[in-house]
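Please put together the full structure from these sequences, using the hints given.
Line by line, the protein sequences are chains A and B. Residue numbers are given in this note's numbering: position 172 of the first sequence equals residue 172, and the series is strictly consecutive. Residue numbers are given in this note's numbering: position 120 of the second sequence equals residue 1120, and the series is strictly consecutive.
Since the hints were derived computationally from the structure, they do not count as laboratory data. Accuracy of the hints is not assured; some may be wrong.
According to the in silico footprint, chain A covers these stretches of chain B (three or more CB under 8 Å from chain A) [unchecked claim]: (1) 1192 to 1200; (2) 1391 to 1398.
Listed next, with one range per pair, are the computed distances between beta-carbon atoms [claimed, not checked]: (3) B/Leu1366 <-> A/Glu130: 32 to 38 Å; (4) A/Glu136 <-> B/Arg1044: 33 to 39 Å; (5) A/Asp177 <-> B/Arg1418: 54 to 60 Å.
Predicted model, so just to flag it, every value in this text is computed and none were measured. By construction, the Cβ of each residue, glycine as well, lies at the ideal position given by its N, Cα and C atoms.
Residues per chain are reported as follows:
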Amino acid sequence: MLEIKDLHVNVHGKEILKGLSLKVPPGEVHAIMGPNGAGKSTTSYTLAGRAGYEVTSGEIGFHGEDVTALSPEERAARGIFLAFQYPMEIPGVTSMNFLKTAMNSQAKLRGEPELDAAQFLRRVRAAAKELNISEEMLKRPLNVGFSGGEKKRNETLQMALLKPRLAILDEMDSGLDIDAMKLVAEGVNKLRAPDRSFLVITHYQRLLDYITPDVIHILSDGKIVLSGDKSLALQLEEKGYDAVINKAA
Amino acid sequence: MAKMVSLDNLLANAAVRRAEATPWLGALIGEATEKFAHVGLPNRRNEAWRYSDLSKALHEATRSESEQGAAPTLAGACVAAFENGVLDESQSTYGAMGARSLRQVLAENASPFASIIGRVNGQPDHPIINLNTALMEEGLVLRVPADVTLATPLHLRFNWRGGEPRSEDGRHLRILVVLEDGARATLFESHDGAPGFATVVTEVRLAAAAKLTHIRLENFTDAARQTAATLGEIGEKALYRGFYFSQGGHFARHEALLKLAGEEAHVGVDAAYMVADRRHCDNTTIIEHASPNTTSNQVFRGVLAGSARGVYQGCVKVAKGAQKTDARQLSRAMLLSHKAEIITKPELEIFADDVKCSHGATAGELDASALFFLRARGIPEAEARAMLVEAFLVEAMDAVESEAMRGLVANCARLWMRRHAGEASHVE
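Structure representation (C-alpha cells):
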C-alpha cells in the first residue's frame, strides 16, 4: 500500500507540494481532485520518480519501503504504474516491441524469468482483445497517429499487462469523449483487485461516475485539505472548488 | 605518431608518376597536379573545408583507443579487398563480374576508360579529387553492359590494419563504375580500421534508365583519417540510391557530388551517422540538377555523443532551364552530450523559376519526456536511451533494401549504442 507522509516537492526551485499526506490501502480506489495549479500532476510525476521533481522532505512509503530515492524503472518494477495524461508518441518503436521490452525489463529487475515469445504473444493478444485494440495497432509505432482514445486504451493495455500494485491515473479522461471514456473506465474497472490500489487524479468529477472511488481527497496549494466519500465529488460539482475549499479551511 | 604529409613530397611523387605513365594518363596526372599544386591540401581558409580542416588534421597526432572488429563479409557478393590500400587478389573475386583492377587499366595505352576516368561530373578545382587523380594507383573499374542486371553486389572492402606502414603520401584509391543503358548494379563499400591518410574517389556514371544502389559503411577506429568523394552522373530516367553510414574518425569526410544530367533522373540519399568521443564526421553533398524534370531527396540523420563534431553541408544547384526540378533536403541531428556539436550548412543555388526546393535542419537532445515514459514502464535508462536513439535512426536504416546489408549496418549501429547510448539495443 501507499503511504505518503508530509511530502514537500520543488519543481524548478519552486515549492509545489507543501506537506502532502495520503494513505491508500490495498484494493481501494482513491481520487485526488483539485483546481488547476494545486499540484495534481506534480503528485503523479513525483510518485513515478520523474527527474526535476525534487523531494525536499517527507517520504513516499510503498509496501513498507521509502521509494523517494529510487529510479523510475525501479519504482515500476516494484509495481508503481503511471498512466500518462498525454502518452508519448515514439516513432520507430512498435507497441509490440515496447510491451515486450517493458515486461521483460520489469521481470529482470524483480529477478523473475522473462516470458518466452509464445507466452508473451498469448498474453498481449488476450489483453488487447478485451480493450478492442487490433493486432495491426500493436504493430504500429507506439501511439504514433493514435487518437486520444486509442492512446488511453494503449495505456490501459500496458497496465493490464504490467499488473501494477498501484496504478496512478493522471487525468485519464482528458481529451476523451464519453464513449472513449467509458471504454477506458471499463478496462480500469476490470483491473480492480484486492491487492491493487488506484489513485485517480482528475479535475472533473465525470470520470468518477465510471470509476467509483472509495475515498476522495481534495488537493489545494500542495496539500490535501479535505477527504471524504464520493459525495464530495458531487458537492464540488455543485458548489465549485472555491466554496468547498474555503469551507474546509 | 604519423609522419607529416608534405605538399612537396606529394608533388614530387606525382611528377614521378607522370613520367612513368602512359600518355593519356600522363596528361590527366599533369592537369590534376598543376591544379592541386595551386591550392594544396585544403584547410579552413577554403570555404568548402571551413569546418573540416584536413591540413590541420594531418598534422595532429592521432589516438588509437578503439578496438577494431573484423571487416564485414557479405554473403554472395563479389569482393574487391583492399588491405591497407592495396588490392589483395587472394581475397578478391571481382573478376567474376567482369571488373578489372585500376592498376591494369591505367597501364594500358589505349584504354576504353581513358576518356571516362577523372571526367565523371568533373570537378576541375577540387583539391582532393585532383590529388587523388595525381596519385591514384590502386582501385577497381567496372562496366556493366546495357540491360544487364548484376545479380550479386560488388563489395569494395577497404580494410586498414593496425601497424600499417604509414606512407607519407597517403593512399589514393579510385573506383570507376559505368552502367550502360538499363544496367543495374549494387555497390557496397565498407571502410574499416584506421587509414593514416587515405583519399577514396568513386566515380559512377549511369546511362539512361540505369540503376545503381550504393551503400557506404564507414566503421573506422579513432585514428582514421580519410576523405572520400562519390562523383556521379545520372542519365535520363536513371536512378541513384545511396545509403551512407558513418561513425567518423580522427578525420572522416564523404562528399556526394552528383549531377542529374538527363531528364527524369532521380537521386535518393539516406544517411545515418553516429559519432562519439572526439571524432569528426563530415557529410557534404552537392546535388546538381542539370536537366528538367529531375528529382532528388536527401535525408541525413546524425547522433552525436562525447565531444564529437558533425558537419553537414548540403548544396543543391538548379541549372538554368532545369525546370520542374523537385529537390528535397533534410538534416536532423540528435546531440547526446552538451559537448557534442553539429554544424549544418544548407545552400541553394537556383537558376530556374519553376522548381520546388525544400530544405530543413533540426538539432535537438534526446526527448526527456519520452525517456521518462519508457523508464516509468520499467525500462532501465541505458536501454531506454538506446531505444530512442534507434527509433531516431530507424527510418534511415529502413532505406537499405537488402536485408543482408541492412543487417551489417544495424550491427554497427548496435555496437555503437552498446558503447555510447546504453547497454542494450532493440534492433529487431
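Verification of the supplied hints:
1. Coverage of a stretch by a chain is defined here by at least three residues with a beta carbon nearer than 8 Å to that chain's beta carbons; for the stretch 1192 to 1200 of chain B and chain A the count is 0, and the condition is violated.
2. Chain A is given as covering the stretch 1391 to 1398 of chain B, and this holds because 5 residues of the stretch bring a CB closer than 8 Å to a CB of that chain, at least three being needed.
3. For the hinted restraint 32 to 38 Å between B/Leu1366 and A/Glu130, the CB-CB distance of approximately 34 Å keeps it satisfied.
4. A/Glu136 and B/Arg1044 have their C-beta atoms about 53 Å apart, which leaves the hinted 33 to 39 Å range violated.
5. Between A/Asp177 and B/Arg1418 the CB atoms are about 45 Å apart, so this pair departs from the stated range of 54 to 60 Å.
Against the hints set out earlier in the document, violations occur for numbers 1, 4, 5.
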